[in-house]
Amino acid sequence: MKKIALFVFNGDPVCFIHVLLNGLDMKAKGMEGRIIVEGAATALLPKLAETTNPLHKLWEKAKAEKIVDGVCKGCAHKMGTVDEAVKQNLTLLDDMSGHPSMSGYIEQGFEVISF
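If you count the sequence shown from 1, position 47 lands on 47 in our numbering, and the numbers rise without skipping.
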């Protein structure tokens, strides 16, 4: 099975939607896709929780499908969204000096794609 880790750093919703769409598409096609929310993208967490946000349904579907691996703890702290990540039951990833390690995913056989 193909394993892909999608690291999304970009906080632009137009970029973020493509991460969600690709992650869900990979899951539908039998691949193991994981979404890791990093950098400026962590600032999107409160907006993604709003039911009026155009990305809300896709975000909730991605979480329900268990393809959102987690959120960078260091970046969420910097962006002031740690509480929102906890509220949404998202894992805070911090295995590399407070940030998620790409090498950890590579060691598990994942191909890494960054947005």
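You may find that some hints are simply not true.
Cut-off 27 angstroms, straight-line C-alpha distance, at most; resulting in silico cross-link-like pairs (DSS-like, lysine-lysine) [to be verified]:
1) 47 - 27
2) 61 - 29
3) 73 - 29
4) 27 - 78
5) 63 - 47
6) 27 - 66
7) 66 - 47
8) 2 - 78
9) 73 - 87
10) 78 - 63
11) 47 - 87
12) 2 - 27
13) 73 - 57
14) 61 - 73
15) 2 - 57
16) 29 - 78
17) 63 - 73
18) 27 - 3
19) 87 - 29
20) 3 - 57
21) 87 - 27
22) 87 - 63
23) 66 - 3
24) 78 - 66
25) 87 - 2
26) 47 - 2
27) 63 - 3
28) 27 - 57
Keep in mind the hints are simulated off the structure, nothing from the lab. Since this is a predicted model, take the numbers as computed values, not measurements.
We went through each hint and held it up to the structure:
no. : hint    : in the structure
1   : 47 - 27 : holds, 24 angstroms
2   : 61 - 29 : holds, 16 angstroms
3   : 73 - 29 : violated, 30 angstroms
4   : 27 - 78 : violated, 31 angstroms
5   : 63 - 47 : holds, 15 angstroms
6   : 27 - 66 : holds, 10 angstroms
7   : 66 - 47 : holds, 20 angstroms
8   : 2 - 78  : violated, 33 angstroms
9   : 73 - 87 : holds, 14 angstroms
10  : 78 - 63 : holds, 23 angstroms
11  : 47 - 87 : holds, 13 angstroms
12  : 2 - 27  : holds, 10 angstroms
13  : 73 - 57 : holds, 24 angstroms
14  : 61 - 73 : holds, 22 angstroms
15  : 2 - 57  : holds, 26 angstroms
16  : 29 - 78 : violated, 35 angstroms
17  : 63 - 73 : holds, 18 angstroms
18  : 27 - 3  : holds, 10 angstroms
19  : 87 - 29 : violated, 30 angstroms
20  : 3 - 57  : holds, 24 angstroms
21  : 87 - 27 : holds, 25 angstroms
22  : 87 - 63 : holds, 13 angstroms
23  : 66 - 3  : holds, 14 angstroms
24  : 78 - 66 : holds, 25 angstroms
25  : 87 - 2  : violated, 31 angstroms
26  : 47 - 2  : violated, 31 angstroms
27  : 63 - 3  : holds, 18 angstroms
28  : 27 - 57 : holds, 16 angstroms
Checked against the numbered hints listed earlier, the structure breaks hints 3, 4, 8, 16, 19, 25, 26; every other hint is satisfied.
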